[in-house]
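These protein sequence lines are chains A and B, in that order. If you read the first sequence in the numbering used here, its first letter stands for residue 132, the second for the next number, and so on. If you read the second sequence in the numbering used here, its first letter stands for residue 734, the second for the next number, and so on.
If you're looking for bench data, these hints aren't it; they were derived computationally from the structure. Because the structure is a prediction, the values reported are computed rather than measured. Keep in mind that the hints are not guaranteed to be accurate.
Calculated cross-link-like contacts (lysine-lysine; reagent style DSSO-like; alpha-carbon spacing at most 30 Å) [said to hold, decoys possible]:
| hint | chain 1 | residue 1 | chain 2 | residue 2 |
| --- | --- | --- | --- | --- |
| 1 | B | Lys978 | A | Lys404 |
| 2 | B | Lys749 | B | Lys978 |
| 3 | B | Lys940 | A | Lys404 |
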Amino acid sequence: MSEKSKKIWVHAEVVDGKIANVAFELLSKARDLAEAMGEGTEVEATLTGSGLEKEAERLAEWGAKAIYLADDPDLQMYSPLTFIPVLAELAAKHQPDIYLFGATAIGSTLGPAVAARLKTGTAAHCIDLRINEEKKLVALVPSFGGKVIGEILCPNKNPQMASVKPGIFTKKDPTPVPVRIEKLDTSFLKKLDARGLKPVNVVRRPPAGLPLNEADVVVCGGFGVGSQENWHLLEKLAEYLGGATACTRPAVDEGWTDEHCMVGTSGQSIRPKVYIGFGISGATHHICGMNESGVVISVNRDAEAPIFEVSDVRIVAEVNSILPLLTEAVKPKF
Amino acid sequence: MAYNVVVCVKPVPDPKHYDKVTIDPVKKTITRTGIPTLVNPVDKSAIELALQLRERYGGSVVVISMAPPNADEILREVLAMGADEAYLLSDRAFGGADTLATSYTLYHGIKKIEAAKGFSFDFVLCGSESADGATAQVSSQLGEWLGSPHLWNVFELEGTSEEAFALKTKMENGYMEWVGYTPLVLGVAREIRKPRFTSIMGIMKAKNKPLTVWGRADLSEAEDTYLGLAGSPTQPGEIFSPDLKRSGELFTGTSEEIVGRVVTILRSNGVVVGG
C-alpha cells in the first residue's frame, strides 16, 4: 500500500491585487523540495484576498496543482484577525507537511501567527531549504547578523514551516500543470469579531528607479559616502548604469535615503551581476544580504574594512576620489 | 483613560561585537566570550513608547524578560529608564526555547502578573526583532497565545480619541494604516520613539524598584509540553560560519586608472556605459 501523499504548501502573498514575485520563487523551490521528498509529493498554494480568480490561475504556471482560494471583500487588505483564521483553518483541514511563507512585511507576522495557532514550528528568514534523509525539512537560518548559520528542523510536528525573504530563491521558468482551484466558504468572516483592529489604508511610496531585486547593477552606499551631495551623485551613477541604489543602516541614520533600499538581514537580499559599494565597512548584517552578487567592487578608505574580505575588487580610496570620476565616465553621451 | 503596559525585553550580546562570535569546533556551540550584554536595542524604543503612554494617559509600565538569572542587571537598566517594576522569568526549564516556547512562557508570565494585579494589560509591547536571532516572531506568537489582535513592525502609534489609536506598520515600499482598540500586542520598529537617556536620578530610583524573579514552579498554569527546548517544535541542528571570502584583487594607481579598470569590468559584465 502506498503512503499518504505528501504536500508542500506555499502561501502566495498578494500585493496591490497581484501575486508577489516571492510566491513564484517559493513555488520554484517547492518543486525541488517535492522532488527530494519523493514521488507523489504535491506542490499546492494558498491565496487570500479579493477578486483573485484570474490571479489564482497564474500559480498553476509555476507548478501548484491545487490552489486554496479565500476570496472575499473582507480580505481585500491584510488583517491578522481575518487572514490567520483562514490559513490556520485550511492547514488544519488539509494537513500539509511543509508550509512556506515569504518573509515580507506581512509574511513575517502571518507565518509565525499561523504556526502558533497550529502549535507547530517555523524557521524565520531562511537562506536555504533542503530535505534530509528522514525526508524532513532542514532550514538554514542566519543569526548574529549573519555571522553564524544554523540548521533548524521541526522533527515532530506538521506543517514544518519556514519564511524566506524575496530574492533568496531564483524564479524558475514556468511549467504549467493542470490546476484545481478550491474556493473556500468565507461566510464565517462576517461572524468574526474584528472590531478591535481595522486595516484602513495601504500607502505605497515606490522608490525612484528600478526595484533592487530587478537591477543588474546595484550601487550601494554606507556611512563613508559622507554627505547628501555625494548621495545624489551615487544615485546619478546608478541611473546612468541603468541600475538601482542601495544602502546600509548608517546611510539611513544619516538621513540620506530611506530604509526601503536597505540591504542586509533587516533589509533586502540582492543578487545583481555587479555590486559597487562606496564607504561601506561591511557589517555581517549587510554582507548577509549582498554576498550572492556576481562581481563585488568595494571602495573604502580603510584598507582593513571587512567588506574587502568579501570583494572581488578592492579599491582603497576616499569615496570622493572615485565616485565623481566614475559617474562622469559612465555618463550617457549624446 | 489610563493604560497598563507590559514591555517584553531581551538581553542580547552587543551587536557591535558580533565579529567576536565564534563556533567551538568540538562542541559545535556558539562562543561569545568577552562580548558585553545589553538591552536589545529596539526594545528600548518599546519602553520609550510605554513611558510616553504612561506620561500622557496615566497607568503603569511593567517590563518582563525570559532570560538567565544575570539578566537582572539589564532589567535594572530598564527600570532606570523609568519603568515601574520588572519581572524576570528564569529557570533551566525555560532554556533552549524557540519562539513558540518563548512566547508561551512570556504569555504565562503576563497572565500571572495580571492575576496578581487584578487587571489586564492594555498594551503588550515587544521590539520588532532581537539583534541576535532576529526571527521577529515572538510578538506575533505572543499575540496568538494571548488571543489579542497583534501587529508587527509598528512605526507610528497615536491616540486619536478617548479610546482609538491610529497605527502605521511598515510595508514593502510604503506602509499600512490601522485603527486599533486595546488590548493590542505590538511588535514595534525603532522609529516608533527615540529612547531617552537614563538619568543619575533614574539609576538611584531603580535600586528600590521591585524586581521579581519567577521560576518554573511560579508559572504553575504552564504546561511542560510547550516549555523550553523539550517544548519547542523547532530543534537546532548543525551550526557553522559561512565562508564568503573572495579573491579581493587590489586596484592601485591614479584615480583615473582605477576608474578605467572599473568601467572595463562593467562592460565585460554587459553593463551599458556611456550609451
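Evaluation of the provided hints:
1. B:Lys978 to A:Lys404: holds (17 Å)
2. B:Lys749 to B:Lys978: Holds. Lysine 749 (chain B) to lysine 978 (chain B) sits at ~21 Å (cutoff 30 Å).
3. B:Lys940 to A:Lys404: violated (56 Å)
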